[in-house]
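Protein chains in written order, with numbering that gives the first Met the number 0: chain U, 0 to 504; chain V, 0 to 99.
Just so you know, not all the hints are guaranteed correct.
Claimed, not checked - Simulated coverage check for chain V against chain U, where a stretch passes if three residues somewhere in it have a Cβ under 8 Å from a Cβ of chain U:
(1) 20-26
(2) 68-79
Claimed, not checked - In silico negatives: residues of chain U with every beta carbon more than 12 Å from chain V:
(3) LEU31
(4) SER40
(5) GLY48
(6) ALA52
(7) PHE177
(8) LEU284
(9) GLY287
(10) LEU407
(11) THR498
As the list claims (entries may be wrong) - Listed below are several chain V residues computed to face chain U (Cβ distance under 8 Å; list not exhaustive):
(12) PHE14
(13) PHE30
(14) VAL34
(15) LEU38
(16) THR64
(17) LEU82
Source of the hints: derived by calculation from the structure; they are not laboratory data.
Everything numeric in this text was worked out from a predicted model, so none of it was measured.
Glycine included, each C-beta is placed from N, C-alpha and C at the ideal position.
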Amino acid sequence: MSALLALQSSPLPDWAAVAPALILALTGLLLLAIDSINPTSSNSPVLAGISTAGSLFAFAVAGWFLIEGTGQAATGGEISLYGDALVVDGMSLFFTLIFTIVAAMVSIASMDYLSKQRYQGEFYALVLFAATGMVLMSMSNSLATAFVSLELASLPSYALVGFLKDNKGSIEAALKYFLIGALSSAVFAFGISLVYAATGSLLFPDVARALSGGTGMTGVLGMGMLMILGGFAFKTASVPFHFWAPEAYEGAPAPVSAFLSSASKAAGFAVAFRVFIEAFPITQLPAGVDWVLAFQILAVVTMTLGNFAAATQENVKRMLAYSSIGHAGYALIGLAALSANGPNANVLGASMAHLLVYGFMNTGAFLFIALVEHWGVGRTFEDYNGLGAKAPMASVAMSVFMFSLAGLPPFGGFFSKYVLFYSAIEAGFWWLAAVGAINSALSLFYYSRVVKALWIEDDTSSLELGSKPVGLYTAILFAAVGTLLLLPAFRPVIETAQTVAAALF
Amino acid sequence: MVPPQYYLLLSAAVFCIGLFGILTRRNALLFLMSVELMLNAANINLVAFSYVWGNVTGQTFGLFTMAIAAAEVAVGLGIILVLYRDFGDVDVTKVTTMRW
Numbered sequence: 000m001s002a003l004l005a006l007q008s009s010p011l012p013d014w015a016a017v018a019p020a021l022i023l024a025l026t027g028l029l030l031l032a033i034d035s036i037n038p039t040s041s042n043s044p045v046l047a048g049i050s051t052a053g054s055l056f057a058f059a060v061a062g063w064f065l066i067e068g069t070g071q072a073a074t075g076g077e078i079s080l081y082g083d084a085l086v087v088d089g090m091s092l093f094f095t096l097i098f099t100i101v102a103a104m105v106s107i108a109s110m111d112y113l114s115k116q117r118y119q120g121e122f123y124a125l126v127l128f129a130a131t132g133m134v135l136m137s138m139s140n141s142l143a144t145a146f147v148s149l150e151l152a153s154l155p156s157y158a159l160v161g162f163l164k165d166n167k168g169s170i171e172a173a174l175k176y177f178l179i180g181a182l183s184s185a186v187f188a189f190g191i192s193l194v195y196a197a198t199g200s201l202l203f204p205d206v207a208r209a210l211s212g213g214t215g216m217t218g219v220l221g222m223g224m225l226m227i228l229g230g231f232a233f234k235t236a237s238v239p240f241h242f243w244a245p246e247a248y249e250g251a252p253a254p255v256s257a258f259l260s261s262a263s264k265a266a267g268f269a270v271a272f273r274v275f276i277e278a279f280p281i282t283q284l285p286a287g288v289d290w291v292l293a294f295q296i297l298a299v300v301t302m303t304l305g306n307f308a309a310a311t312q313e314n315v316k317r318m319l320a321y322s323s324i325g326h327a328g329y330a331l332i333g334l335a336a337l338s339a340n341g342p343n344a345n346v347l348g349a350s351m352a353h354l355l356v357y358g359f360m361n362t363g364a365f366l367f368i369a370l371v372e373h374w375g376v377g378r379t380f381e382d383y384n385g386l387g388a389k390a391p392m393a394s395v396a397m398s399v400f401m402f403s404l405a406g407l408p409p410f411g412g413f414f415s416k417y418v419l420f421y422s423a424i425e426a427g428f429w430w431l432a433a434v435g436a437i438n439s440a441l442s443l444f445y446y447s448r449v450v451k452a453l454w455i456e457d458d459t460s461s462l463e464l465g466s467k468p469v470g471l472y473t474a475i476l477f478a479a480v481g482t483l484l485l486l487p488a489f490r491p492v493i494e495t496a497q498t499v500a501a502a503l504f
Numbered sequence: 000m001v002p003p004q005y006y007l008l009l010s011a012a013v014f015c016i017g018l019f020g021i022l023t024r025r026n027a028l029l030f031l032m033s034v035e036l037m038l039n040a041a042n043i044n045l046v047a048f049s050y051v052w053g054n055v056t057g058q059t060f061g062l063f064t065m066a067i068a069a070a071e072v073a074v075g076l077g078i079i080l081v082l083y084r085d086f087g088d089v090d091v092t093k094v095t096t097m098r099w
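The shape of chain V in the complex, shown without the other chains (with noise of 0.2 Å):
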C-alpha cells in the first residue's frame, strides 16, 4: 500500500498548480479549470483517506464535491458568457470600470 503522505504530497501539489493558474492567467475560462484542479485536489486527499481510514465518508462527500463543482462551473460560464456580450473579452483584467 501507498503510504498515506504520498497522497498528501499529490493533492498539495496539484492544489498549488491550480492556484498558480488563479494567480498568473488571465482568462476567465482558464481561471474556472484551475479552480477544478483545486477540487479535485481536495477529491484525491477525500479518497485517499476514506481507504486509510476503512469508511466511505470521504468518497461520499467527493461525488458531492465533483457535483457542486459541476454547478459552480454552469454559473461561472453563465457568468462569462455575458461579460464576452458586454465587454466583448474574458480577460479578467480587462473588467475594471469600478475603482479597486
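Chain U extracted, bound-state conformation (with noise of 0.2 Å):
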C-alpha cells in the first residue's frame, strides 16, 4: 500500500501506460534469446513458466492501472500517445485483462501439452508477441495502428495454428486461417484506404470530424466501411468470414485454439467496438450509411448459424468451434443494440463483460480438450464416454465450462448472458434478447451432450489415462474457479465495464 501511494505522489511517465504492451512484448524476447543459447532443447518448464510470468504481470500492472484509474475520467481521462495513434483509457486496460490471463493459461498448459515437441520457445514467444498486438489493437486510436497491431496478433497466429508441422490437420487448419486472414486484412486495408479517400484523415477523432463536416463521398465512405467491417468479422470469427474458425481450430493444437476463440477473438472486438464508436459515431453518419444495421443483421446470422450448426457436431472440439462463433454473435449485440439516445454504455458493457466471463469458461473449454488429446483419447462424443469416473476433477471443471457457456444460473455465464440481453431490451431492441434467449436454449442441446457422455454415458474402451500433467490441471482448474468466481463477483466486472464504456460516447 505505501508502494502504491509513493507512485501516487510521483506519477509515472504517461508512455508507462502501455506497460502492459511492452511486457509481454520484452518477455517474448527474452524467451527468444533464452533459447538461443540452448536452441535444441525442450526445457519446457523453464520456457512455460517465464511465459506465465509475464503474462501474469502485464495482468497485474493492467489490473493496477485499471483500479487507480489511469486513463480514466477521474485522473484526467485517457492517455493519448505517439502523436494521438495509440490511446490508453479504461476499456484497453479492460480488454488487455482478458488477453493477459488467456495467454498465461495457455502458457501453462502448452508446458504439458509440447512435452515432445521442438521449437518450444518459439512457441511461447509468438504467443506472448500475439498478445502484444491484441493489446495494441485495444489500445489503437488511428486506422494506421489498427491495421498494423491487427497484423501483429494475426501473422503469430498462423505459425501457431501451423505449429505440429507433421500433422496434417494442423497445416490444413494453418493454410486455411492463413488464406482467409490475407484475404480479409487485403479487404480491411482496402476499407481503411477508401475511408481515408473520403475523410482525409487515419485518425479516429478526425474521421470523426471529417464525418460531421459532412462529406462528397458517401458512397465510397459507406463501402470503406463495410470493408472494415469485414476485416473484424474475421478476427471475431463472425459472418461472412467466419469459415475458417472451425477448421483452424479443430486442426490447430488445442492450447492455440484456446487463445484464438478466446484472447484473438476479444481483441477483434476491442477494436471494432473503438473505430465503430469513435470514428464513425452513430450521430454523425451521413444519410444511407448505417452500421448498426449492418451489425443487427450479423448479429442475429452468426448466433443462429454458429448455434445450430454446433448442434449437429459429432466431434467436440468442432462443436466447441461453432460454439465459439455463436458467442461472437453474442457479443456482437454490444455495436448491433446502439441508438442516438439509448443506454448505448450499458449495451457495450454487458457485451465486455461477456467477454471476459468467454475468456475464462471458452479457455477452460478448449484446455480441457487439449488435456484429452495429451492422454490421446478421441475427439467424437462418444470417446468422452465415461471421463467422469476416471478423470473426476476435470470433469467437473468441464462440466462447469459448458453450463457455464449455455448461461445456467450458477456459473459467471449466466449473469453476463443475463445482463447482455436485459440490456439489448433496455435498449429497446426486445428481438435481439430473443434470438439471443432462443439460441441460448438450443445450446444447451449440444452442450449437455458433452457433460452427459462425461457422466452418465457407460465407458466402452479400455483405455487407460497416462499421468495426470501439472499445467494442464492447474490451467483448467484455474478457468474453473474463474468462471465460479465471477458469479458473486460479477457486479464490480460489470460496473467497470460500463463505466469504462461509457468513456467511449
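Using the hints, build the complex out of the two chains.
Below is the structure:
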C-alpha cells in the first residue's frame, strides 16, 4: 500500500501507460534470447514459466492501472500517445486483462501439451507477440495502428496454428486460417484506403470530425466502412468471414485454439468497438450509411448459424469451434443494440463483461480438450464416455464450463448473458434478446451432450489414462474457479465495464 | 491533374482482379499474388488521396502496408512450404482432411 501511495505521489510518465504491451513484448524477446542459448533443448517448465510469469505481470499491471483509474475520467481522461495513434483508457485496460489472463492460462497448459515438441521457445514467444498485438489493438486510435496491430496479432497466430509441422490437420488449419486471414486483411486495408479517400485522415477523432462536416463521397465512405467491418468479422470469427474458424480450431494444437477463440476474438471486438464508436459515431453518419443495421443482421445470422451448426457436430472440438462463432454473435449485440439516445454504455459494457467471462469458460473448455488429446482419447462425443469416472476433477471443471457457456444459473456465464440480453431489451431491441435467448436454449442441447457423455454414458473403451499433467490441470482448475467466482464477483466487473464503456461515447 | 475518381476506378479494378484471382485460382502461390494485388489496390488509393488531401498520412500508411504485405508473404510461404511437404501439392482444393 505504501508503494502504491509513493507511485501516486510521483506520477509515472505517460508512456508508462503502455506498460502491459511492453512487458509482453519484452518477455517474448527474453524467451527468444533464452532459447537461442540452447536451441535444441525442450526445457518446457522454464520457458512456460517465464511466459506465464510475463503474462501475469502484464495482467497485474493492467489491473493496477484499472483500479488506480489510469486513463479514466477520475485522473484526467484518456492518455494519448505517439501523436494520438495509441490511446490508453479504461476500455483498453479492461481488454488487456482478458488477453493477458488467457495468455497465462494457455502458456501454463502448453507446458504439458508440447512436452515432446521442438521449437518450444518460439511457441511461447509467438504467443506473447500475438498477445502484444492484441493489447495494441485495444489501444489503437488510428486506422493505421489498428491495421498494423491486427497484423501483429494475426501473423504469429498463423504460425501457431501450423505449429505441429508433421500433423496434416495442423497444416491444413494453418493454410485455411492464413488464406482467409490474408484475404480479409486485404479487404480491411482497402476499406481503410476508401475511408481515407472520403475523409482525409486515419485518426479516429479526425475521421469523426470530417464526417460531421459532411463528405462528398458518401458511397465511398459506406463501402469503406463495410470492408473494415469485414476485417473485424474475420478477427472475431463472425459471418461472413467465419469459415476459417471450425477448421483452424479443430486442426490447431488445442491450447492455440483456446488462445484464438478467446483472446483473439476479444481483440477483434476491442478494436471494432473503438473504430465504430469513435471514428463513425452514430449521430454523425451521413444518410444512407448505417452500420448499426449491418451489425444487427450479422449478430442474428452469426449466433443462429453458430448454434445450429454446433448442434450437428460429432466432434467435440469442432462443436466448441461453432459454439465460439455463436458467442461472437452474442457479443455483437454490443454494437447491434446501439441507438442515438439509447443506454449505449450499458449495452457495450455488458458485451465487454461477457467477453471477459467467455475468456475464462471458453479457454477452460478448449484446455480440457487439450488434456484429453494429451491422453490420446479420441475426439468425438462417444470417445468421452465414462471420462467422469476416470478423471473426476477435470470432468467437473468441464461440466462447469459447459453449463456456464450455455448460461445456466450458478456460473459466471449466466449473469453475463442475462445482463447482455437485459441491456438489449432496455435499449429497445427486444427481438435481438429474443433471438439470443432462443439460441441459448438450443445451445444447452449440445453442451449437455458433453456432460452426458462424461458422467452418464458407460465407458466402452479400455483406454488407460496416463499421468495427470500438472500444467494442464492447473490451467483448467484456474479457469473453472474463475468461471465460478465471476458469479459473485460479477457486480464489480459489469460496473467497471459499463463505466469504461461510457467514456467512449 | 487527373480527377480523383479515376484513381478510385483504377484501384477498384485492381482490387477486383485480385479478388477474381482468389476465387478462381487453386494454386496457393497464385492466391498470394492475388492478395498482393488487392493490397496494392489499397496503396493506389492511399497515395492518390494523399495528394488530393495534401497530407502525407496516406503515403506513410502505404509504406506500412507494403512492409506488412512482405511479412504476410513470409509467413504464408512458410505455411505453403510445409503444405507441400505434407501433402505433395500446393493446390488449395486438395487439402481436405477435415469436413468443411
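Taking the hints in turn, this is what the structure says about them:
1. 20-26: violated (count 1)
2. 68-79: Three-residue rule met by the segment 68-79 of chain V, so holds; n is 7.
3. LEU31: Correct as stated: the minimum Cβ-Cβ distance to chain V is 17 Å, above 12 Å.
4. SER40: Fine: 23 Å to the nearest Cβ keeps SER40(U) off the interface.
5. GLY48: Correct as stated: the minimum Cβ-Cβ distance to chain V is 27 Å, above 12 Å.
6. ALA52: 27 Å, holds
7. PHE177: 5 Å, violated
8. LEU284: 21 Å, holds
9. GLY287: 18 Å, holds
10. LEU407: 30 Å, holds
11. THR498: 33 Å, holds
12. PHE14: 6 Å, holds
13. PHE30: Status holds, d = 6 Å.
14. VAL34: OK, holds: VAL34(V) within 8 Å of chain U, min 5 Å.
15. LEU38: 5 Å, holds
16. THR64: Because about 6 Å separates THR64(V) from the closest Cβ in chain U, which is inside the 8 Å limit, the hint holds.
17. LEU82: Hint holds; LEU82(V) Cβ to chain U Cβ min 6 Å, cut 8 Å.
Hint check: violations occur at hints 1, 7; the rest are consistent with the structure.
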